[in-house]
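Following the hints, put chain Z in place on chain A, whose structure we already have.
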Amino acid sequence: MSALEILDPSAERDPEGRPLAGRPPEGKTIALMDIRKPRGDVFLDELERLLTARGYAVERTMKPTFTKPAPADVRKEIAARCDAVIEALAD
Amino acid sequence: MAAELLVLVKHDCEVCDQVLPVLADAAAAGAPLRILSQSSPEETAEQARRVGLRAVPDIDVDLEVSARFDPEAVPTVLLLDGGEERGRVEGLQRERLAKLAGRAGAELALDGLPELRPGCASLTRDPAVAATLAARRARAEGRLRARALEVGALEDVFDALHDRGLTDGLPVVPPTPERVVAMLEHTGRGPQEVVGAVPPYGADATVEKVAINAVMAGCPGETLPIVLAAVEAACVESFAWHGLIATTYPAGPTVIVSGPLAAEVGMNAEGNALGQGNRATLSTGRALQLVGWNVGGGRPGVEDRATHGQMGKLGSCFAERLDETAPWAGLAQDRGVAGAETGVTLVATEGPRVIVDQLAREPEGLCASLALALESVAHPKQRLAFDALLVVGPEHGRVFREAGWDRARVQERLFELTTSPAGELTHGAGGSPEGIDPKFVSDPAMPVAKFAAPDRILLAYAGGDAGLFSMVYGSWAAGEIGSAPVTVSVEPWR
Numbered sequence: 001m002s003a004l005e006i007l008d009p010s011a012e013r014d015p016e017g018r019p020l021a022g023r024p025p026e027g028k029t030i031a032l033m034d035i036r037k038p039r040g041d042v043f044l045d046e047l048e049r050l051l052t053a054r055g056y057a058v059e060r061t062m063k064p065t066f067t068k069p070a071p072a073d074v075r076k077e078i079a080a081r082c083d084a085v086i087e088a089l090a091d
Numbered sequence: 001m002a003a004e005l006l007v008l009v010k011h012d013c014e015v016c017d018q019v020l021p022v023l024a025d026a027a028a029a030g031a032p033l034r035i036l037s038q039s040s041p042e043e044t045a046e047q048a049r050r051v052g053l054r055a056v057p058d059i060d061v062d063l064e065v066s067a068r069f070d071p072e073a074v075p076t077v078l079l080l081d082g083g084e085e086r087g088r089v090e091g092l093q094r095e096r097l098a099k100l101a102g103r104a105g106a107e108l109a110l111d112g113l114p115e116l117r118p119g120c121a122s123l124t125r126d127p128a129v130a131a132t133l134a135a136r137r138a139r140a141e142g143r144l145r146a147r148a149l150e151v152g153a154l155e156d157v158f159d160a161l162h163d164r165g166l167t168d169g170l171p172v173v174p175p176t177p178e179r180v181v182a183m184l185e186h187t188g189r190g191p192q193e194v195v196g197a198v199p200p201y202g203a204d205a206t207v208e209k210v211a212i213n214a215v216m217a218g219c220p221g222e223t224l225p226i227v228l229a230a231v232e233a234a235c236v237e238s239f240a241w242h243g244l245i246a247t248t249y250p251a252g253p254t255v256i257v258s259g260p261l262a263a264e265v266g267m268n269a270e271g272n273a274l275g276q277g278n279r280a281t282l283s284t285g286r287a288l289q290l291v292g293w294n295v296g297g298g299r300p301g302v303e304d305r306a307t308h309g310q311m312g313k314l315g316s317c318f319a320e321r322l323d324e325t326a327p328w329a330g331l332a333q334d335r336g337v338a339g340a341e342t343g344v345t346l347v348a349t350e351g352p353r354v355i356v357d358q359l360a361r362e363p364e365g366l367c368a369s370l371a372l373a374l375e376s377v378a379h380p381k382q383r384l385a386f387d388a389l390l391v392v393g394p395e396h397g398r399v400f401r402e403a404g405w406d407r408a409r410v411q412e413r414l415f416e417l418t419t420s421p422a423g424e425l426t427h428g429a430g431g432s433p434e435g436i437d438p439k440f441v442s443d444p445a446m447p448v449a450k451f452a453a454p455d456r457i458l459l460a461y462a463g464g465d466a467g468l469f470s471m472v473y474g475s476w477a478a479g480e481i482g483s484a485p486v487t488v489s490v491e492p493w494r
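Chains as they are written, first to last, in our numbering: chain A, 1 to 91; chain Z, 1 to 494.
Pulled out of the complex, with its shape left as it was, chain Z reads as follows:
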């Protein structure tokens, strides 16, 4: 095939205005030259009239040609041979342009034009357009496979998403292909890799589906690896996410982030660490729940049979404060994640509650206080069935740190102190029918532990500098018969 020239222009570019008449004349005189405009038909027609062209240039529909050659600037003149690029000139460079045209056997009347003038930014470099093109490319290359849904021009997008059952009741960020493609930039993993099979219906959560739900949850892109790790952990069989979704108990997954990435992505581990105001933590917890909602298909009143539920089922995530005030290493690190890495630990929990002790200044007394409060997890007479996640606040943590009590020692002491005589725990003791069947109690003085083991009292560290408080989350049915905490490293998802 013979060589030909392809010219890309746009309507709001003075340099294009200058060059267009010369190029159009050459084309009219039979030069192998085609002009394509990045602008709309109306804008292109207006430009043609303005610069005095006899024919209106064709339109580069959907910028397909521009996206293929991806120039930085227009006008761009491309020399093509059999559709393959053999050379190009971007902007007005008279001498080079004349030479390029010559290679296609064309002569351009460039006299009178400036010698050198930089062009204008190609429309493909406009950030919004570039995002659309990136999304289209991702679709063409099979990186995006999710079904496209259309929200009508007359629909309110927030209402439309809610009415289609895709939200948790609060507005979500519309997961446009552009936003999802931008989100996927934050992981090195392929969009079609499977993160886990999400209960209750067991559908595969691909990286793409997780990214879509992360966009909806409002996640900053940097949090995506943490969300992916949380989904991976939630889908581990021993976490029993199926039962956690289905249960009447007011529990859901709480995500604890331990390690340097927490601060890097903007997670707040200090004042109000478990509360509102921090996009990274709130959206991470919410993204996991939305994956359960949308990919898993568990809905309140249908598969989710919670009697009351609790606000943490919208999303529950906090970061550990692992600065110089921390009394011990992070929870994930204690559970096997390498020190320099960031890990997430998932615990099936109810909502958090405060434990106040404003007087204890030594670890023994503080443990006694914490143990008293821990007894009430689920019910004081409920034994061995529930774990606790204790979030030690900085002013309580200081007591342990200064006394040199490590995590294991605190757990051991809390385990010992949460042991009660069997006689106080049987049916009817204290007037309450709840409790242990007396037929299992031979000796009323026999000590009965609250928790199944010291390490079933999980310790995390977070919160602001002031306040002699810790927080406790009771777990859902724990261990073998229920949900066991799961810790994974975020590293493989970066």
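The following block holds chain A by itself, in its conformation from the complex:
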């Protein structure tokens, strides 16, 4: 038996490995993104309370619908104004 050649069905991309970012120091701005799932606001309200108590500034943001990726403008806005982002994956 000899070796068999097959064609790669994948996208042939090698994702770049990235280390986890360090925890931002106090005073930095954290974006809290509501993905528009029911009760996501409850989760984010609590996170905002905890983050504010620890000295972080918080910016609330949301995407138009949970079913689709956040639009580029929303992502750009967060990148421009904030140092880190937390998404609320509620339900």
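Since the hints were derived computationally from the structure, they do not count as laboratory data.
Warning: the hint list may mix true and false statements.
Stated by the list, open to error - With a straight-line cut-off of 25 Å between C-alpha atoms, the simulated SDA-like cross-links for lysine to any residue are: (1) 37(A) x 422(Z); (2) 63(A) x 45(A); (3) 37(A) x 435(Z); (4) 99(Z) x 162(Z); (5) 37(A) x 433(Z); (6) 63(A) x 304(Z); (7) 37(A) x 250(Z); (8) 63(A) x 250(Z); (9) 76(A) x 480(Z); (10) 381(Z) x 65(A); (11) 63(A) x 307(Z); (12) 439(Z) x 36(A); (13) 37(A) x 99(Z); (14) 28(A) x 82(A).
Please read these numbers as outputs of a predicted model, since none were measured by experiment.
Relative to the frame of chain A, chain Z by itself:
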């Protein structure tokens, strides 16, 4: 450059056996003549010994020379001048052979050989070899660009493909270059054309990549245009395939094929239309899912966060039954595909479920039954967020056809009948916390529709002759906030 003769032979050919000693003698005597064998070195050496040659002919490695001149038969004697062909004789044709040799200044001792004897099929015409050569040509010409992967001789190919994460959990057909090139014959589109950007990672699905995954899914070649159309439709932004892959909901793309091509490629739209046993439908649905899996990169437990999933996520495809029993034209045709063409409609659905009504013989009563069952899509209290795909069975379809109810009328009536008083739908009504926030309800008698519009109840027609059943697929989050059905014609992909 001077003219020379190039001879192609193979070991298991009696005519080659007859001619070889004459040709070898001429070469030994200084004639500008080179013999190349299509066979292996061992076979060629054995033949040389058998016919009494003093030197073993060279080997046409990988049949490169044979593929270039592509003779039908061997022996073939080619007259070349500066590498360009100036003439050839295939098989044993004494007179023509002598003349051809003469043009190269060579004399062949052909006396004693038969005047005329057809040769044997060139190895390049062996179907398996021809497929390999076609694949090599496709690679050389840039039609095949996918990375080649090697499965070792000691590996089981099915295990190897699975272990490399390239399958959906079931065995796949190994996508050899030969199979992929044969698959690509079934579309007029170029292999490097982009069909769509596949989520979640947005990689381009080229026709070649779709063909590779179609081979793996087990597609008959004739279905490739349908698979390509399905991939095109799935990549349309309003279909929201990204979210469909990522969602916790047990939904995936269902492909509905409407039009004459369905039967031509062997799709079954009758008994067991949504079930097992039909290669064309099963493999088409699976090919789309494998494109999502391999090109898009969405994997269960990683990008795909489905709570339960469902078997239709292996592949979900059926064909509409558009024969004389059909109560209306096909779904794709209703959504804009020309009547003579075949269209595919993609709907983000959960698994199908039966609706039984064995007593209704007139459309009003049948609609009432269907509406009752449609209320339960997702949850009776879930309103406006989900669509339904209703696959009307032939015995139910006959009721509508004989009463002259067209698609729009059935949709309109089902829409009206799936309206409930708000008071029955609020949080806590019937003891269930699910439902509408009472702050949005000023009047408990206010009618609340189940579906956002009549045409959000999609109607298809399929199934066997017997059985007073229809089937319903609930959709994933529908419309603007989720996935909208997408219909495209298969025609551009043929």
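To see whether the hints hold, each was checked on the structure:
{"no.": "1", "hint": "37(A) x 422(Z)", "result": "holds, 23 Å"}
{"no.": "2", "hint": "63(A) x 45(A)", "result": "holds, 17 Å"}
{"no.": "3", "hint": "37(A) x 435(Z)", "result": "holds, 15 Å"}
{"no.": "4", "hint": "99(Z) x 162(Z)", "result": "violated, 59 Å"}
{"no.": "5", "hint": "37(A) x 433(Z)", "result": "holds, 17 Å"}
{"no.": "6", "hint": "63(A) x 304(Z)", "result": "holds, 20 Å"}
{"no.": "7", "hint": "37(A) x 250(Z)", "result": "holds, 17 Å"}
{"no.": "8", "hint": "63(A) x 250(Z)", "result": "holds, 23 Å"}
{"no.": "9", "hint": "76(A) x 480(Z)", "result": "holds, 23 Å"}
{"no.": "10", "hint": "381(Z) x 65(A)", "result": "holds, 21 Å"}
{"no.": "11", "hint": "63(A) x 307(Z)", "result": "holds, 23 Å"}
{"no.": "12", "hint": "439(Z) x 36(A)", "result": "holds, 19 Å"}
{"no.": "13", "hint": "37(A) x 99(Z)", "result": "violated, 85 Å"}
{"no.": "14", "hint": "28(A) x 82(A)", "result": "holds, 8 Å"}
In this structure, the hints that do not hold are numbers 4, 13, in rising order.
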